[in-house]
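> Okay, here's what each chain looks like letter by letter:
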Amino acid sequence: NAGVTQTPKFQVLKTGQSMTLQCAQDMNHNSMYWYRQDPGMGLRLIYYSASEGTTDKGEVPNGYNVSRLNKREFSLRLESAAPSQTSVYFCASSALTGYANQPQHFGDGTRLSIL
Amino acid sequence: GENVEQHPSTLSVQEGDSAVIKCTYSDSASNYFPWYKQELGKGPQLIIDIRSNVGEKKDQRIAVTLNKTAKHFSLHITETQPEDSAVYFCAASKVNAGNMLTFGGGTRLMVKP
Numbered sequence: 001n002a003g004v005t006q007t008p009k010f011q012v013l014k015t016g017q018s019m020t021l022q023c024a025q026d027m028n029h030n031s032m033y034w035y036r037q038d039p040g041m042g043l044r045l046i047y048y049s050a051s052e053g054t055t056d057k058g059e060v061p062n063g064y065n066v067s068r069l070n071k072r073e074f075s076l077r078l079e080s081a082a083p084s085q086t087s088v089y090f091c092a093s094s095a096l097t098g099y100a101n102q103p104q105h106f107g108d109g110t111r112l113s114i115l
Numbered sequence: 001g002e003n004v005e006q007h008p009s010t011l012s013v014q015e016g017d018s019a020v021i022k023c024t025y026s027d028s029a030s031n032y033f034p035w036y037k038q039e040l041g042k043g044p045q046l047i048i049d050i051r052s053n054v055g056e057k058k059d060q061r062i063a064v065t066l067n068k069t070a071k072h073f074s075l076h077i078t079e080t081q082p083e084d085s086a087v088y089f090c091a092a093s094k095v096n097a098g099n100m101l102t103f104g105g106g107t108r109l110m111v112k113p
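For the record, the sequence lines run as chains A and B. The first sequence runs 1 to 115 under our numbering. The second sequence runs 1 to 113 under our numbering.
Honestly, I wouldn't trust all of these hints.
Unchecked claim - DSBU-like mimics (lysine-lysine), calculated; alpha carbons at most 35 angstroms apart, straight line:
| id | chain 1 | residue 1 | chain 2 | residue 2 |
| --- | --- | --- | --- | --- |
| 1 | B | Lys68 | A | Lys57 |
| 2 | B | Lys42 | A | Lys9 |
| 3 | B | Lys37 | B | Lys68 |
| 4 | A | Lys71 | A | Lys14 |
| 5 | B | Lys37 | A | Lys14 |
| 6 | A | Lys57 | B | Lys112 |
| 7 | B | Lys42 | B | Lys68 |
| 8 | B | Lys37 | B | Lys94 |
| 9 | B | Lys68 | A | Lys9 |
| 10 | A | Lys71 | B | Lys112 |
| 11 | B | Lys57 | A | Lys71 |
| 12 | B | Lys112 | B | Lys68 |
| 13 | B | Lys94 | A | Lys71 |
To be verified - Simulated restraints, written as ranges between beta carbons of each label pair:
| id | chain 1 | residue 1 | chain 2 | residue 2 | range |
| --- | --- | --- | --- | --- | --- |
| 14 | B | Gly41 | A | Ser80 | 26 to 36 angstroms |
| 15 | A | Pro61 | B | Glu79 | 41 to 51 angstroms |
| 16 | B | Asp27 | A | Thr54 | 16 to 26 angstroms |
It should be emphasised that the hints constitute simulated quantities derived from the structure, not laboratory data. Think of the CB as a built atom: it goes at the ideal place given N, C-alpha and C, for glycine as much as any other residue.
Go ahead and model the full structure; you've got the sequences and the hints to work with.
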C-alpha cells in the first residue's frame, strides 16, 4: 500500500554539493514526474518520463538531471546545488495516457535546504 | 503555455458552511482538471477531477463545476468540517501533452469549529 515513496525526507546541502533524490512507485505506472513546490506557490514540473526509457523537460528543468532507472524508479539529480534550489520536491506517477489524461499520485516529498 | 489562476489564496469558514474555490485557465485546449488537497507535511492528494466533456461532478460533500466557454472551474465543499482544513490546488492539462499538469497557486482553507 506504499504508492509513491521518496527518499530522503529531509536534506541539507552546502552550495556546490551534488545530490540525488530517489523516487519509487509500486502501482505499475508507466509515467513519472518530478515537481518542485516553493512557499506560496503551486507545484512546477521539472522533468517527466512518459514511459520507461524516455525523459522530457518540464517548466523549470535548469540545474537538474533525471534518470528513469526502470519502470518503478525515477531519480532527480542536482549536480551543483544552489540556494535557489531550496524547495520541497515531489515525485508523482500515473498510468500511461492514451486518449485521456490520467490522475497523478504524489509522494510525501523531500524537503531540501541549500545553504 | 498554460496559465492557471486560483482564488482566493486564503479562505476561512465556519464549520458547517460551504466553501468555494475558483480557478481560471488560459489554454482552451485543456481538457482535464483535477483538484488536490495537501495537508501539512504531506504530498498533494487527488480529491476529485473533471474532464471537459462533463459540466459537473459530485462525490459526497465535494463537487466540481466546469465552464469551458468562460475557461473556469470551481471546487465546492458543503457542510465543511475541521478536517477539511488544508491547502487546495487546482490544475489543468491537455491530452497529447505528456499528461503535464499546470497548477494554480493554492488556497489555504481554514474551517473554524
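> When the structure is checked against the list of hints, which entries are broken? Sort them ascending.
6, 9 and 10
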